[in-house]
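Peer 1: Could you build all of it, start to finish, from the sequences and the hints given here?
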Amino acid sequence: MPAFIRFDDRTRRAIRAAAVLFLVMGLAAAASAAAYVVKPGETLGEIASANNTTVSAIVSHNEISNPDWIVVGQTLQIHGSTTSTGSTGGHASGTHTVRYGEVLSGIAVSHNVSLSALISANDISNSSQIRVGQVLSVPGAGTTGGSAPLNHVVQRGESLASIAAKYGVSVSSVASANGMSTTSTVFETTRLRISPPPPSFSPEHAHSSVYVVARGDTLGGIAANQGTSVHRLLEINALPSANLITVGQRLTVPGGGGWVCPVPGASFFNDWGFPRSSGRYHEGNDLFAPRGTPVRAPEAGFVEQITGTIGGIQFRLTTAEGTVYWGTHLDSFGAGGQVAAGTVVGYVGDSGNARGARPMLHFEVHPRGIEPINPYPLLAKACG
Numbered sequence: 001m002p003a004f005i006r007f008d009d010r011t012r013r014a015i016r017a018a019a020v021l022f023l024v025m026g027l028a029a030a031a032s033a034a035a036y037v038v039k040p041g042e043t044l045g046e047i048a049s050a051n052n053t054t055v056s057a058i059v060s061h062n063e064i065s066n067p068d069w070i071v072v073g074q075t076l077q078i079h080g081s082t083t084s085t086g087s088t089g090g091h092a093s094g095t096h097t098v099r100y101g102e103v104l105s106g107i108a109v110s111h112n113v114s115l116s117a118l119i120s121a122n123d124i125s126n127s128s129q130i131r132v133g134q135v136l137s138v139p140g141a142g143t144t145g146g147s148a149p150l151n152h153v154v155q156r157g158e159s160l161a162s163i164a165a166k167y168g169v170s171v172s173s174v175a176s177a178n179g180m181s182t183t184s185t186v187f188e189t190t191r192l193r194i195s196p197p198p199p200s201f202s203p204e205h206a207h208s209s210v211y212v213v214a215r216g217d218t219l220g221g222i223a224a225n226q227g228t229s230v231h232r233l234l235e236i237n238a239l240p241s242a243n244l245i246t247v248g249q250r251l252t253v254p255g256g257g258g259w260v261c262p263v264p265g266a267s268f269f270n271d272w273g274f275p276r277s278s279g280r281y282h283e284g285n286d287l288f289a290p291r292g293t294p295v296r297a298p299e300a301g302f303v304e305q306i307t308g309t310i311g312g313i314q315f316r317l318t319t320a321e322g323t324v325y326w327g328t329h330l331d332s333f334g335a336g337g338q339v340a341a342g343t344v345v346g347y348v349g350d351s352g353n354a355r356g357a358r359p360m361l362h363f364e365v366h367p368r369g370i371e372p373i374n375p376y377p378l379l380a381k382a383c384g
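FYI, the numbering for the sequence shown is 1 to 384, going by the working numbering.
Simulated from the structure, these hints should not be mistaken for lab results.
A portion of the hints provided could be inaccurate.
Simulated DEER-style distance windows between Cβ atoms [to be verified]:
1) R99 <-> A300: 23 to 29 Å
2) S137 <-> F288: 43 to 49 Å
3) V135 <-> Q77: 24 to 30 Å
4) V132 <-> P197: 34 to 40 Å
Ideal Cβ placement from N, Cα and C applies to all residues, glycine included.
Peer 2: Here you go:
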């Protein structure tokens with residue numbers, strides 16, 4: 001026969017209190033952690049903003065080695081919300097031990113600091129050369145914490161003026177935040193950013209980098225007139241011979257470290273914020289050109305070659321300043337690793353979820369590697 005233990009009233013009350021405490025603790029733990037399934041087109045920055053937490057918190061709780069590499073369908077544990085105080089968020093000053101597969105730009109993102117600050121704090125001469133096990137000094141948090149951006153989806157009959165009035169802001173502020181002019185037409189279902197303004201970004205010397213070959217031109221003459229070399233023109237235009245140029249051919253000409261049009265001669269317009277499948281919105285511009293058209297690095301930096309189900313064949317270029325350029329739907333890769341501005345890094349195609357569509361390059365610009373901005377003003381200036 002089993003033995004029964006009798007408790008007095010005081011002991012029973014204590015047991016009940018302990019049981020209630022454990023139940024409350026369990027419910028609190030469940031409330032502070034939730035599963036989140038990554039949807040197409042999402043970034044860790046967007047997921048963090050939507051769940052009132054930080055990129056660094058998600059990276060830490062999910063043991064993510066590179067915050068730029070998450071996949072559709074991946075389940076993330078979101079542990080509670082994080083409130084940002086003032087203009088700081090994420091990790092305080094400290095250290096980071098480099099893990100396998102990490103890149104410096106990803107480490108900067110995970111700690112909410114700029115790539116340049118991380119490079120400076122560790123006296124790094126080459127941002128692409130870090131080693132597993134290396135201990136980096138992290139110089140305090142950046143300014144990526146805080147509230148998620150306020151956006152507005154354009155309804156039928158609305159204009160920039162009516163949208164600005166609705167939120168009590170100026171037309172110019174809405175236009176500027178979305179890479180538009182104050183007279184631009186807004187399209188129904190487009191998502192516009194209202195506040196706060198996106199990161200400012202204005203690379204120096206943005207300029208047209210295209211030269212159209214005229215009758216009688218030689219590559220040597222073009223090089224001399226444009227202040228470059230025949231070898232450089234051959235390299236960035238993927239020309240097999242200096243003698244094989246034709247009248248009307250468009251050549252990319254490198255210029256003093258300036259910003260280079262990624263697809264010279266492409267057709268494009270301001271399709272920033274246009275709706276996409278699965279509740280996504282366009283965070284770049286599409287540049288349309290014939291299949292196989294060379295795609296060029298807009299700035300010098302380190303190119304990573306990536307293949308995915310959504311973007312297909314794609315490149316990610318990270319500059320020394322921490323700017324990240326994404327190019328997707330390529331037909332094939334070009335150069336990888338450290339490249340100069342104007343180097344061919346891929347060729348226009350329709351890979352990924354653009355299969356069967358008109359060949360194009362989907363192009364994004366992420367200052368500091370985190371939040372995208374509308375690249376249209378840059379493209380209009382450099383590719384026009």
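Peer 1: Each hint: holds or not?
Peer 2: Consistency of the hints with the structure:
A hinted range of 23 to 29 Å holds for the C-beta pair R99 and A300, which are about 27 Å apart. Judged by the Cβ atoms, the range 43 to 49 Å given for S137 and F288 holds: they are separated by roughly 45 Å. At roughly 26 Å, the beta carbons of V135 and Q77 sit within the given window of 24 to 30 Å. The given range of 34 to 40 Å is respected by V132 and P197, whose C-beta atoms sit roughly 38 Å from each other.
Violated hints are absent here; each numbered hint is respected by the structure.
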